[in-house]
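S.K.: What follows is each chain in one-letter form.
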Amino acid sequence: DGGITQSPKYLFRKEGQNVTLSCEQNLNHDAMYWYRQDPGQGLRLIYYSQIVNDFQKGDIAEGYSVSREKKESFPLTVTSAQKNPTAFYLCASSIGGVFANEQFFGPGTRLTVL
Amino acid sequence: AQSVSQHNHHVILSEAASLELGCNYSYGGTVNLFWYVQYPGQHLQLLLKYFSGDPLVKGIKGFEAEFIKSKFSFNLRKPSVQWSDTAEYFCAVNARGGADGLTFGKGTHLIIQP
Chain A
9 DGGITQSPKY LFRKEGQNVT LSCEQNLNHD AMYWYRQDPG QGLRLIYYSQ
59 IVNDFQKGDI AEGYSVSREK KESFPLTVTS AQKNPTAFYL CASSIGGVFA
109 NEQFFGPGTR LTVL
Chain B
6 AQSVSQHNHH VILSEAASLE LGCNYSYGGT VNLFWYVQYP GQHLQLLLKY
56 FSGDPLVKGI KGFEAEFIKS KFSFNLRKPS VQWSDTAEYF CAVNARGGAD
106 GLTFGKGTHL IIQP
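These protein sequences, in sequence, are chains A and B.
Note that the numbering used here has the first sequence beginning at 9, numbered continuously upward.
Note that the numbering used here has the second sequence beginning at 6, numbered continuously upward.
Honestly, the hints are just simulated from the structure, not real lab data.
Incorrect hints may have been included.
Said to hold, decoys possible - Distance condition first, Cα-Cα at most 27 Å in a straight line; then the derived DSS-like pairs of lysine-lysine: (1) Lys79/A - Lys22/A; (2) Lys111/B - Lys91/A; (3) Lys63/B - Lys17/A; (4) Lys65/A - Lys63/B; (5) Lys54/B - Lys111/B; (6) Lys111/B - Lys63/B; (7) Lys79/A - Lys17/A; (8) Lys65/A - Lys91/A; (9) Lys17/A - Lys65/A; (10) Lys79/A - Lys63/B; (11) Lys66/B - Lys76/B; (12) Lys78/A - Lys17/A; (13) Lys54/B - Lys74/B; (14) Lys65/A - Lys76/B; (15) Lys22/A - Lys65/A.
Model, not experiment: these values are computed from the prediction.
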């Protein structure tokens, strides 16, 4: 069953701790993305990766870091430098390449920092 | 930089009413346009997309959208809504030429009353 998995669904952390959100896809997609969704704000792009071992900052990259060591995986670390980390985080993937394509989204992880 | 504006943040309609959700974007070049929907408790999923050709595009569940280049608009329409259309709707834009991330509008929360 092809798709994107994100774990865990809910995550709680204390202020000042780094936390890593998992994103795995078995769609054989080259491109992967991380978005943050806040109520009334829509989705905002954090980081994206068009190919393994390469990634670019999105619109709100400060306080976040990523890695892309495998095609299937694109983990996001929310660092203690992120001022407002409590949010709903969505991972997506697409075929990639020269032309833009539809992005497929995972179920999301809701992070709450206490 | 790209931006997307959705005019209605909350819309309440009765079943069988007609729907039109506005979306305007600001970008000087050629764009790909998308409408995504987020049903309660479900993944974000694609409703329809415009890449080129006929500016009137049809999507799933009876939705359609019209791309009007001169107005930088991509409004979503449905002639007769159903209770099951209750969801959050997002307009998104991607500049053609790469697998860059999407720029989303802030979303419209649609409630259909039976």
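S.K.: Each hint: holds or not?
M.R.: Verification of the hints:
Distance hint between Lys79/A and Lys22/A is unfulfilled; the C-alpha atoms sit about 31 Å from each other, more than 27 Å. Between Lys111/B and Lys91/A the CA atoms are separated by roughly 21 Å; this keeps the pair inside 27 Å, and the hint holds. The hinted pair formed by Lys63/B and Lys17/A fails the criterion: a straight-line CA distance of about 33 Å is larger than 27 Å. For a cut-off of 27 Å, the pair hint linking Lys65/A to Lys63/B is broken: about 33 Å separates their Cα positions.
Distance restraint check for Lys54/B and Lys111/B: the Cα-Cα separation of roughly 18 Å lies within the 27 Å cut-off, and the hinted pair is therefore satisfied. Distance check on the hinted pair: Lys111/B and Lys63/B sit about 22 Å apart at the alpha-carbon level, within 27 Å; holds. Between the alpha carbons of Lys79/A and Lys17/A the distance comes to roughly 22 Å, so the proposed pair stays at or under 27 Å and holds. Between Lys65/A and Lys91/A, the direct Cα distance comes to roughly 17 Å. Compliance with the 27 Å bound is thereby established for this hinted pair.
Proximity of Lys17/A to Lys65/A is assessed by CA-CA distance (about 24 Å); at most 27 Å being required, the pair is judged to hold. Using a Cα cut-off of 27 Å, the hinted pair Lys79/A and Lys63/B is violated, with the two alpha carbons roughly 33 Å apart. A threshold of 27 Å between alpha carbons decides the hint, and for Lys66/B with Lys76/B the separation of about 26 Å falls inside it, so the pair holds. Between Lys78/A and Lys17/A the CA atoms are separated by roughly 22 Å; this keeps the pair inside 27 Å, and the hint holds.
Distance hint between Lys54/B and Lys74/B is fulfilled; the C-alpha atoms sit about 15 Å from each other, no more than 27 Å. Straight-line distance between C-alpha atoms of Lys65/A and Lys76/B comes to about 30 Å, which puts the hinted pair past the 27 Å bound. Under the criterion of a C-alpha separation no larger than 27 Å, the hint pairing Lys22/A with Lys65/A is consistent with the structure, at around 26 Å.
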